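K.L.:
Next come the chains, spelled out residue by residue.
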Amino acid sequence: MAKILIDERECDVAEGTTILKAAESAGLQIPHLCYHKAFMPEGSCRMCLVEIEGLPKLELACSTQVRDGMKVSTKSESVIEARKGVLECLLADHPIDCPICDKAGECKLQDYYEEYGLFESEFNEEKEKRQKKIEIGKNLLHDQERCVLCRRCVRFLDEVTKTRELGVFQRGVHAEVATYDGILVDNNYSGNLAELCPVGAITDKDFRFKTRTWFLQSRESICTLCSRGCNIYVESHQGFSRFSLPKRVYRIQTRENQMINGFWICDKGRYDYSYLDQERLDKIVVNNSEDPQSWQEITSIVAGEIGRLFHMKRSSHIGLILQSWLSNEELFLIDKIFRNDINIGKISFLDPPEESSDDFLLTAERTPNRRGAKEIGFDLQPADWEKFLEDVDLLFVFASPIKGDTDFSPLKAALDKIEKTVLFASHNHEINSLFDMVLPMSLIAEKGGSLTNIVGSVQGFSPALDAPGNCKPAWQFLVDLAKKLMINFDFYNQFSSPESIREVMKKEIPYFREEHE
Amino acid sequence: MTDKILTQHFGLENLFKIDVYLENKGYEAAKKALTDMKADEILEEVKAANLRGRGGAGFPAGVKWGFVPKDIEKPKYLCVNADEGEPGTFKDRYIMTHNPHLLIEGIIITSFCVGIHTAFIYIRGEYEAVALRLEQAISEAYDKDFLGESILGTGFKLDVYVHRGAGAYICGEETALLESLEGKRGNPRLKPPFPASVGLFGCPTVINNVETVSNIPSIILNGAAWFCQVGLPKDGGTRIFGVSGMVKKPGIYELPVGTNLKEIIIKHAGGMMEGKKLKAVIPGGMSAPILTAEEIDISMDFDSLVEAKSMLGSAAIIVIDEETSMLDVLRRVTKFYSHESCGQCTPCRIGNSWINKIVKRMADGNGKREDLDKIIQLANNMMGKTLCPLGDAAAMPVLSIIQKFRKELESYIPLGN
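Protein chains in written order, with our numbering: chain X, 1 to 517; chain A, 1 to 417.
Only chain A is shown next, with the shape it has when bound in the complex (with noise of 0.2 Å):
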């Protein structure tokens, strides 16, 4: 058997179609879950996958589908967090794109096993064409009985909307994405209390990744032994990569988790572009802190990456060149969280918009000695503090790149300033 889990059968024609998908072992683990196997079982099943979060934070799956409380009036909902919209990350589009009926398989089962009635594709309001795909693909699933008032006869019932997103960046935060498909401002909530217990219109909410949910069916049809055999014990299954950036071939690579990260670089994305030298590589997606090309030796699972003062993220690598400037890199990085925080905590809203000015600044070459220093202050004043992740996330990268490249952001300051 392959290694590939998602992307198994890319490139078959109209793998997108629901009778393409169904000719390749489509909608079985929905049938087996739904016919053969209790609730219980599924979330016993997923828990001992160790599957954990695509989106970034890594939270494991099961786990969080437990803290649903089980016995209660309100509905429950789902709410598949598709606003992928980390710098750098292209992963779930393809997922959508090339096989959408695997989310909604993905779909059918998460909500059978925590007793949800109606699910939500929360997608970044850029990926027009992927929405409508999406919604081609559930309207099938409609009519094959894969979703609707009784699936498959057995009596389960389950409604799946795509709602597409007006282009925050912090609607990606599950909290933002809930406020927002409320319909209102996409301001993270202050937490407690988690949505697993007050989330959508105030009732019990699991919010997934595309990727994960993608991965339960073949939890489902192959078992969580199999599923921990792929990747590592305690982060199983694989990762989608997406390489970007100064490699020969940039793109989506499925590969199980724990794979090197040098290994991704050169053997599976092809290397450096001709001329190029590798000079830093953010391994997660922005937010996840910069690492040299000494530095790129290194597993890709949670813990290693952690471990090395990074993060795994989403999984997004972005491959950065010599001629590249780090000013640069971290003018984009800046300007980037300047615009993109909502603006709700005084040192995100704040503290970002004075980093990106003083980079712009030193950018336009009019730098000042003491500006990397008050850089470092203003980020620490924003990491950990702030009511979302977005505050970590914007200091993380700013406060590496600072520390690892240090000396050639001195050297754009004018002498004498």
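Just chain X, same shape as in the assembly (with noise of 0.2 Å):
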């Protein structure tokens, strides 16, 4: 261990670290643009020299490691000339069109001299002409008058996908970031560069002018297009009272987890959100109408289906299809209900057709827990559906989201024949109107709960969002069913929330304690 001082501030530290994190775990924040976490340091911006004593010149907080009795000093007179001549320096050239600027408002740039700078440019020469919009990825648009080079872009490529598609060309105020012969960037990662960009130089097409950054409101949530659960932000926009927008999210970001998903998550994941609000179905409907009855109406009609056949000794005719787009917690009630209290006998997983891994983050399962319904006991491989269907008299479907990928062609033949159907959907698809009764779900941002991942991780998310219209979450319905159904009030009457139905969860399956989380 190292006892440095930091800004006369004391802290115990790691023979070894950076004096840049050895400041941050004192809760000083230095300034840097070029360094980030994901990389070795590469002391170019300029922007973290800090004065140590003893030392005849400034040194990088980045790269400098600490040593004992190190006296540190981030904010004294010529630390921040510096700063501000770094500052002074990328403003200068720099096309100042924060107004039009995607990243106004979480650019570094523009936070930095806030902070540190304010001062009259005093750049009265020609400012260098650059290309403001060169076509860099699928997804991407690179101005290299907003570049500061900090080649954040291209060690991500050269390191982390190791696709090396940017380089930086040419020489002193000439350098600039492009791709090799025009061939674009072109991985399931690209769209990390974007949000790994301090600045506005590298811009999403799909975020491109759709909003202010400042009009999002950033939730966490887990990802839940493969089974990978990588942490992210949804980042919504509240609407204004005037005039309605036509979605609520804007964009997806990654949220850092060593254990999961690193800095990064995949292009799927960050650009394939417009199911959180295209199509959604957000009302009850009954034989392919809006029904005017509430839930609790509902419920009732549902759980009294389920008591006639369940009092006639009929258990065996009721069928159960789920989908793994459920949390560990709903499936733990449905496995409690409908195995353990009514012993329905026909569960059965209809899950969408697994799709190719890249061999990173996004893995062939394209839904996000699997590996929970596994660990709660359900048999994950699909039903003959012919047999499965045969004699059932009343069939639930938890099918949520509907997405193109399922084929529910089994079913279809076979619905007509069942004397009730209900469906458990979140969106509006042309399954729908085969079902008798169709009742809107809110989706995994939408509520609470936790999933387990391919890997066996298990890890708890609260709503990033409000539910639509009607939507309930599957275990608050769940939870009033069961209540309806009398047949062990007690137990579902201490579910309140998805934690108090983890907490006995845990107590029941040894699996969800602790040491998967």
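Just so you know, not all the hints are guaranteed correct.
Pairs of lysine-lysine residues, derived as DSS-like cross-links and limited to a Cα-Cα distance of at most 27 Å, are as follows [stated by the list, open to error]:
| hint | chain 1 | residue 1 | chain 2 | residue 2 |
| --- | --- | --- | --- | --- |
| 1 | X | Lys162 | A | Lys74 |
| 2 | A | Lys368 | X | Lys127 |
| 3 | X | Lys75 | A | Lys191 |
| 4 | A | Lys276 | A | Lys262 |
| 5 | A | Lys4 | A | Lys31 |
| 6 | X | Lys57 | A | Lys309 |
| 7 | X | Lys129 | A | Lys374 |
Listed below are several chain X residues computed to face chain A (Cβ distance under 7 Å; list not exhaustive) [said to hold, decoys possible]:
| hint | residue |
| --- | --- |
| 8 | Ser44 |
| 9 | Lys57 |
| 10 | Ser63 |
| 11 | Glu122 |
| 12 | Gly172 |
| 13 | Val173 |
Keep in mind that the hints were calculated from the coordinates and are not lab data. What you are looking at is a predicted structure, and each value in this text was computed from that prediction instead of being measured. Backbone N, C-alpha and C define an ideal beta-carbon position, used for all residues, glycine too.
Hints are included, so try docking the two chains, each in its own frame, into the full complex.
P.N.:
Dropping the structure here:
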């Protein structure tokens, strides 16, 4: 351990820690542009220079390792002067087009100018003219005038994806980031570049000019488009009072988690978020028309149907088809209600087929919780549908979100013959019309709970969005239903939240105890 | 014995051929080193000679070699820096053109001492003819068993390769040179780690200037004591002073370290051209802070020039006369560094371009009163605040020219601006 003094603040850090990290651990932020936790220090932006007692020159905080007894000043006159000097240089050739820049509001250059600069420009020469809209990837545009040459993008493609599509060309003030012979950035992680860029040099076509960052509310969530369970932020717009917006969600951003996804998410997770807003089913539909009945009335009807068969000892004529978009808690409740209490006997999964994995984050499984279902004890092998549906009188299907890639054709022919069919869905889909009752469900992003990813990590999540319309989280419906069934009332009555369900689940299923979190 | 070490045999016909070189005690030092001396003894001798790096920084060569880890499984490399790019400097070209085997002999001894089996000569791209001559000399050395699998039957193996640069000043900076040699963009590396431990292809690497390496044979042959006595005790040997500018006899002059600058200009270079009056001297390549005519009575060694707030650098002496406008000098300096900055560090990339734009505007007759102070501020922003020494190299001449010739520079600013 080394004892050092940063701005009169004492910190004990491990030998070999850099000054920048030591300062952060003491709650002091040292400005930096080229440095990023994911990469080795580059030392080129020169924003992080600090003064070390006894040394003649200012030293880099990003790469200089601490020594016992070191005295560092991050706010001395010469440090501030150097910082201002760097900002003055960066802004001299910068187009200062913040009003039309997507990065405005979360731009490091803007933030640092506010914090350390606030000078009048003394640059009286002609600014360098550069290209402002170069296509460098399928979703990426590069503005060379805004670029500060931190090389984060180049290093990402060199070190993380190893696809090496970008390089620095030319020298001195003419140095610029560009593609090699116009060959575009083409990998499943390209979207990280726009997020990694500390300024507005690389912008995302998907987000370009759509809204301003300060209107966005950023909430934690977990990506559900494959079984990796990457940690994300769902960024949504609350809308304006005088006119409505076409959607709520404007962006998905990465959330660091070294155990799961590091600093990155794949392009599928980043860009395929339109399902959160498009074609949402947000009302109760009975016999193909909107039904005025409340959830309470509907729950009673469903409970009545189940109860009728249960009391007639015809539980084996109840069928249940699931998809692993459901949370651990919801699957646990389903297991309890339908297998333990009612013992329906016919439960099967109808998940979308596997696709190819990209050998990094994106997995072959395209639902988020197959592992969770397995650990709870479900058999994930699809049933022989003809046999499965043969003598079913009451069928429940949880298919949320309905995506084009699930093959529902084995169900279609049988649905007509079943006395009562109930679909729990999040989206409008052609299959919906074949069900007697279609009930609107919240998505993972709209509720709380936990998911178990492909390697078995159990990750909790809370709502990142409000549920639209009349949507309800499945766990809520299941608790209400179980209480209505009056089979094991006291057990279900203790559940008021996903957390309370999880507590019981942990006690009952050893897998969900802490070590997998 | 003559005071000349490197240029002693210059003028001999066909000195660049191995036969002529051998007739003049060529490769005797290599023989002595490889057959009679241990690596440690060579290192001690070179350390004792106080041979300071001739590339510009003046770091003692023996000390540098000593930093290379001894017991390491990785290969070690020698890179000879022949990227002679410092404006005003042309000494290495002469050594390599006239006496290439002296350099090769130095490479053999250096490699033997440090335990190196592969050496590279990184030569600036513009020196095409010189590179061809080096390759010719290397091939002769292979033929005579001075290079190859078992040099002179000693079992010591060494291969030497010539690598041509592509015309970037920055590749003379040692870590940028390594990047370039590895086939990458020539950007300087963050130090530490230093090349002695992590250098070429991540392996321990010695990087020395052509002139430095060429001094090794005579140190081995004549001993460290002799070498120190030629120069100064703490700064041994000679320097090849490349004199250019308004003198009667521009050219290279090999003289003991510590020779007086005034003497070099007046006695050796023949003094000022007819009718020209001395105004200023850049004593160590363009990066060295300028000296006024009054400041040239000075010993040309590393420490004396540092004391005079300048530097010996590559010992390239640029002589400027009264009729030369200092604004023109400044314009050349700023244009050069603005063009040659690699673009990695913010203060150097934009600072140099900004300074150059101001100076160009001044040269176009549109200078403003506040311009010189802005240039000073921008140069101070670079000084000591960049990853490699190019920031300093660009700032130092600019600051010294403005400091010493401010009146003249101000006279170019139109009244009322």
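K.L.:
Each hint should be assessed against the structure and marked as holding or not.
P.N.:
Results of checking the hints against the structure:
1. Lys162/X <-> Lys74/A: The hint holds at about 25 Å.
2. Lys368/A <-> Lys127/X: Holds. Lys368/A to Lys127/X sits at ~18 Å (cutoff 27 Å).
3. Lys75/X <-> Lys191/A: holds (24 Å)
4. Lys276/A <-> Lys262/A: holds (16 Å)
5. Lys4/A <-> Lys31/A: Measuring from Cα to Cα gives roughly 22 Å; hence the hint holds.
6. Lys57/X <-> Lys309/A: With a Cα-Cα distance of about 17 Å, the restraint between Lys57/X and Lys309/A holds, given a limit of 27 Å.
7. Lys129/X <-> Lys374/A: This hinted pair holds, its Cα atoms lying about 23 Å apart.
8. Ser44: holds (5 Å)
9. Lys57: holds (4 Å)
10. Ser63: Ser63/X check passes; min Cβ-Cβ to chain A is 6 Å, inside 7 Å.
11. Glu122: Given a least distance of 6 Å, the restraint on Glu122/X holds.
12. Gly172: holds (4 Å)
13. Val173: holds (4 Å)
In the structure shown, no violation is registered for any of the earlier numbered hints.
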